[in-house]
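Spelled out from the first residue to the last, the chains are:
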Amino acid sequence: MRPGATVWDNVPPPVKETGEYAWLLAFEGEEAEANEAARSAAAAIRTSGMAGLVDVVPAARTVLVLGSPELDASRLEAFEAAPRHAGPAFSPRRHEIRMTPDGADLDEIASRSGLSPDAFLEVFVQLDFTVGFLGFSTGFAYLYGLPKALHLPRRGTPRAAVPAGSVALAGPYVGIYPAPTPGGWNLLGRTARRLFDLRADPPFLFAPGDRVRFRL
Amino acid sequence: MEPGLLTTVQDLGRYGWASSGVPAAGALDEEALRLANRLVGNVESAAALEITFVGPVLRAAGDLDLAVAGGAFGPAPGKAFRVADGEIMSLASGPGATRAIAAVGGGIDVPLVLGSRSTCVSGRFGGFQGRRLQRGDFLSVLPASAAPLVDASADLRQPGDGDVVLRAFAGSDEAEFDAAALAAFWGTPWRILPESNRMGLRLSGPSLGLVETASRASEGTTRGTVQVTADGHPIVLLAERPTTGGYPKIAVVAAIDLDLLARTPPGRNVRFERIPVTEARRLVDAREARLRAFSGGRT
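Read top to bottom, the protein sequences are chains A and B. Residue 176 in my numbering sits at position 176 of the first sequence; the count goes up by one each step and never skips. Residue 288 in my numbering sits at position 288 of the second sequence; the count goes up by one each step and never skips.
I should point out that these hints are in silico values taken from the structure, not numbers from a laboratory. Even glycine gets a Cβ: it sits at the ideal position worked out from N, Cα and C. There's no promise every hint is true.
[Claimed, not checked] Rough simulated footprint, nothing fancy, chain B against chain A, three-plus residues with beta-carbon under 8 Å:
{"hint": "1", "stretch": "48-58"}
{"hint": "2", "stretch": "195-205"}
[Unchecked claim] Sample of chain B residues facing chain A (criterion: CB under 7 Å; computed from the structure):
{"hint": "3", "residue": "ALA18"}
{"hint": "4", "residue": "SER218"}
{"hint": "5", "residue": "GLU219"}
{"hint": "6", "residue": "THR243"}
{"hint": "7", "residue": "VAL252"}
{"hint": "8", "residue": "PRO265"}
{"hint": "9", "residue": "PRO266"}
[Said to hold, decoys possible] To be clear about the criterion: a stretch of chain A counts as covered by chain B if any three or more of its residues have a C-beta under 8 Å from a C-beta of chain B, and this derived list gives those stretches:
{"hint": "10", "stretch": "22-31"}
{"hint": "11", "stretch": "62-70"}
{"hint": "12", "stretch": "124-136"}
For reference, chain A alone in the conformation it holds in the complex (with noise of 0.2 Å):
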């Protein structure tokens, strides 16, 4: 390294290799803004007309890429290096969800926050959102929007069964489970929306980058 330069200076390291033809792009920086970044590079690629994707996945703080033999992956630093210029203008959608505040954990999940359940879901309700990311399983959707003060660690043991339309907190996280699966997080309470639907189109009712809010 020359004298005076920060590791800022240096090139970045190339993107990580997940697979023969799979990558892997990082952002740093606080989690809701590096997700921002990871969303704005997976629609940049996505749109970039790039030869041999096969699928992009927006994550946390991650975008990783499935290519074919003739994806070329040094194309693939450039994205990483300025997400949020590469990619075209992209109008989130804005979904108002109606749910039922009947969760299991609806009492513990007010009173860790210091809260009554009634003062909890007043917050709540006034809260914007943004679609992190989908995964866990199909059409499960990361939220986040839920400030510090009411993030709560996970069950310590996860349910057998959650019922499908939960709505959830863990950590930075609102969740919403679209069918009955085993989980470990909060439940707050029920939405009677289908989150998807194979047969229309489009299949899923959210995107990355859709806005959402509740109501009672």
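Given chain A, put chain B in place with the hints provided.
Here is chain B on its own, set in the frame of chain A:
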């Protein structure tokens, strides 16, 4: 007539929907799917039956061409054969048979769901009504090509005796493991546990130590990635893995050896042999060339 233990409809998987949380699914043994389809004159990606441990007994409605590849099930593993209308065909397992693909001329006709006919067992969609086959199910077949059966043999690598060697390259989180954990991972045999499934292969061996997982951010997952759970045990992610996961990734099994792994039963030991990712890429490219060349001997 008899469904077998876990018989599902699979093709090469469902891609393009991972950002909506949709698992790829698809055949665990991609090489077997592609070759079995070629033997009966199908395109490589046609939907076929993935059979596991105990094969099904089928009755043909119409004259059909069949080919089984990847494991010793039925009368002629690795060869195409003809089944006459009304004939009963047992795809019973022979010695050492773990898993195989049974392709039918034309391919299995189930609806395309998000671009694929694969069964997502955990999500209960795709394939035949989103589930494994049951006694009495009637499967339709798409029109077969007029091409004659391929007179060739799909002799695929089998696990053999002794430890099964899986070539693998460094995972993206290797730096998070200490020297002892890495030495244990690359140096000791791992037993395949019976609780393995189409999502992942669970391995038993020395603990790789407690891994910090609570604050890890979820990342997109790839087939063959070896992740280490909070209690220090490795899992090899397979076709039906969740699209994102938060466990650290110690290694990635080379694609060329994942098909061999699909032919290896629980209880057997595997060892990981370290190769550079460039070598893994060369191996998979070389296999593509071999698969493209596999059409020789058409009658």
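Tested hints:
Counting residues of the stretch 48-58 of chain A whose beta-carbon sits less than 8 Å from any beta-carbon of chain B gives 5, enough to reach three: the coverage restraint holds. Counting residues of the stretch 195-205 of chain A whose CB lies closer than 8 Å to any CB of chain B gives 4, which reaches the minimum of 3, so the coverage claim holds. The closest approach between the C-beta of B/ALA18 and any C-beta of chain A is roughly 4 Å, which is under the 7 Å cut-off, so the hint is satisfied. Interface hint at B/SER218: satisfied, since its Cβ lies 5 Å from the closest Cβ of chain A, which is below the 7 Å cut-off.
This hint holds: B/GLU219 has a C-beta 5 Å from the nearest C-beta of chain A, less than the 7 Å allowed. Nearest Cβ of chain A to the Cβ of B/THR243: about 5 Å, under the 7 Å cut. The hint holds. Interface hint status for B/VAL252: upheld, as the beta-carbon distance to the closest one in chain A is roughly 6 Å, under 7 Å. Among the interface hints, the one on B/PRO265 is violated; its C-beta lies about 25 Å from the nearest C-beta in chain A, farther than the 7 Å criterion.
A least Cβ separation of about 22 Å between B/PRO266 and chain A goes past the 7 Å threshold, and the interface hint is therefore violated. Note: the stretch 22-31 of chain A has 3 residues with beta-carbon separation from chain B under 8 Å; the three-residue rule is met and the coverage holds. Evaluation of the coverage hint for the stretch 62-70 of chain A: fulfilled, as 5 residues show C-beta separations to chain B shorter than 8 Å, against a requirement of three. Beta-carbon proximity to chain B at under 8 Å applies to 4 residues in the stretch 124-136 of chain A; the threshold of 3 is reached and the given coverage holds.
Hints 8, 9 from the list above are not met by this structure, while the remaining hints are.
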